[in-house]
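Chain residues, written in single-letter form:
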Amino acid sequence: MLTQTYHYNQVIKKCVAVFGTLFNNITIGRVAEDDKISNVERVPIAYGPKQKFLDRITQQPDLSTDKIAIKVPRMSFEITSIQYDAEIKLNRLNKNRAPIAADTLHYSTTWQAVPYTIGMQLNIYGRNQDDVLQVLEQILPEFQPEYTVAVKDLEAPGINVNVPIILNSVNLSDDYDGSFETRRTIVYSLEFTMRVRFSAPPSTQGMIRFTQTSLTPSMNTANPPIEYVHVHVGSSSDTALNYTVVTSIDTEGF
Amino acid sequence: MPRSVYFGQNVKSEKELYEDLIIESAQVYGFDMQYLPRNIVSQDMLLNEDTETRFDNAFDIEMYIESIDGYEGDGILMSKFGLEIRQQLKIAVSRRRWEQGIGKWNKGYNNYRPSEGDLIYIPGINGLFEIKYVDLESPFHQLNNLPVYKMTLQLFEYRGEDLNTGNAQIDAVQNQMSTPSSYRAMFSYNTGSSAFTLNEYVTLTYPSGATGQAKITDLQVKPTTVSVAAYYGVFLTSSATTISSVNGINFRLYNAGPIDLPDGTISIAACDNQGGQNSFFSNTKNGHIYKQSLALPANSSSTTSSDYLHIVYGGSNPTSPTTLQYDITITSTVWSGPLVLSNYVVNRNLTTYLPFTSSINTIKANYLQLSNLTFTDGSIHPLTNSVTITGATTSASGRLTQVLTLTDGDAVLNDGDISIQNNPIQSRANDIIDFTVVNPFGDTNDT
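Just so you know, the sequences run in chain order V and C.
For the first sequence, my numbering begins at 2 and goes up steadily by one.
For the second sequence, my numbering begins at 272 and goes up steadily by one.
Hints in this document: simulated from the structure, not taken from any laboratory.
It cannot be assumed that every hint is accurate.
Pairs of lysine to aspartate or glutamate, EDC-like flavour, derived with a Cα cap of 16 Å [unchecked claim]:
| # | chain 1 | residue 1 | chain 2 | residue 2 |
| --- | --- | --- | --- | --- |
| 1 | C | K351 | V | E79 |
| 2 | V | K14 | C | D315 |
| 3 | C | K361 | V | E79 |
| 4 | C | K361 | C | D315 |
| 5 | V | K37 | C | D291 |
To be clear about the criterion: a stretch of chain C counts as covered by chain V if any three or more of its residues have a C-beta under 8 Å from a C-beta of chain V, and this derived list gives those stretches [stated by the list, open to error]:
| # | segment |
| --- | --- |
| 6 | 360-374 |
| 7 | 468-474 |
| 8 | 646-655 |
| 9 | 664-675 |
Bear in mind the structure is a predicted one, so any value in this text is a computation, not a measurement.
Ideal Cβ placement from N, Cα and C applies to all residues, glycine included.
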């Protein structure tokens, strides 16, 4: 087993929510040449992958209700890749330490988190070019080419990290040609990369609260130390964030 | 070699018989349908597409469904964007019947043929279809005439078009389908106003002076939880020692909850002494409850004295104790369900504001959904509280008291439909995004 401890920090799930919330309040209208803007509406968005039966029963709970093909415009997004990110790899021996509440003798440690890039794809679907362009032009200026969001508890509880979301490319598909009986669909696909880190479960490590340094007169280890330097915290209730240090020198070791 | 002159193809009576048989067949085996001509209000001459489209008429006509084995097309499929129903039908309509009922001879709509882009609603199968292609030449000049229009239909991709046909079943399609992308708000009627009606157009007047138009696509009275907090009462006297010199108590009423209290008249239904001094307040003669009704201020955060609920007591002076406790129940002409102000503590020795205990009440408030928002000044004006609405048909008037947004429970942006997740995404993200960061490009501590 890689680890004996169950842990699930929902990093990818959080990334889905963070990514989706960037685009969940976009408004468009029908802009006429006389400056009249009609049909102002919000653009629905959803995470693309879903269980088919849920989609069916929630969108058509009553099979006798009125039917249309789909309501447009709308957006969807999904994860397209998860790749190791060697560019921002840090020393694997780095440790993050965090105090443990109500425990003055131990702290929580995690090894250096492993960097990954999560590929996200945002799709904008419309029946009219102008609808899709309105959505697109509200998104593009925000990414230069990245937009950074501060996310809480992403790597581990209590750790806030900046997550860059980088817009890599915009692809478009408009099958306006062909037979009259085929449907015209306009889909703009925006490819993004999110940079995140995955960390192992935290472990508990005792705090060093007392040290003793032995001083010997020569490099000959057969000679006994002549003095000892003791350094310890001032109180048993001292914590990692609030402590005093007492230093003493004597001839007696422990 | 020319055609035989003994077999004519241009006999009028035969042609008419042929057409009559077609019409009769459709009337026997066909379906009653509604034909919705497309009204292109404005068009983008650069991108070559319609900008604003309306459907204002629905003409009844019988048509024959040629797809006798069911729908054609790709069927029902799962796409990136959720459930898509790509169903097609092929139907036929008599050319003469179409010209009589809809096209050429119909005074309300003059067109010489069914047009691609027009809609057909088939009540029997509850489907709203768009005409994708019209074929006039099938059957192909058999009697030297073309008596039938054959059309390929496809379920309509709805884009927020205004369906204002007067046919309730068709217009309901807009109300149902536009729900996810519409705006919702609680509102209150102005005093003396009549009631709005569903599908009525309203004029929006913003506090800034901007105006717009919208269509009411949902209208309800909904139970709403209101948190009523921070009430204050004050003795209108400088004397703190003699209770008889106090000539009244003012209650300032405002709401710290999710919505404003609607405008209107409130009245005190009960004022029960729970502190043992029944003679202090009573509902008996001599006006112990002096003013039983008042108009709530339009802006409930107003501090003008006229916005206070004024209660004057009479009767004999209480000698003790110094603290009295009351529950006051208020009902309103504009909402149903009482507002209970609990534990109002009167200390006769105080001349300053006295706090109430906040309470959470459930009232029934007016709720509407606005679609097809339209502005003529080239800007989109987000709905805000205090926008006034005036009905174009009923002349009813009111004021938005709370515009529902993603962050305050606009659950309709999901409403159980997993293809629309604007609201669930926001709810989830609210827990994990660090909104204390002002500069999203900066350090997490850069506030």
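Now for the hints, and whether the structure bears them out:
no. : hint              : in the structure
1   : K351(C) - E79(V)  : 9 Å, holds
2   : K14(V) - D315(C)  : 41 Å, violated
3   : K361(C) - E79(V)  : 36 Å, violated
4   : K361(C) - D315(C) : 30 Å, violated
5   : K37(V) - D291(C)  : 48 Å, violated
6   : 360-374           : violated (count 0)
7   : 468-474           : violated (count 0)
8   : 646-655           : holds (count 7)
9   : 664-675           : violated (count 0)
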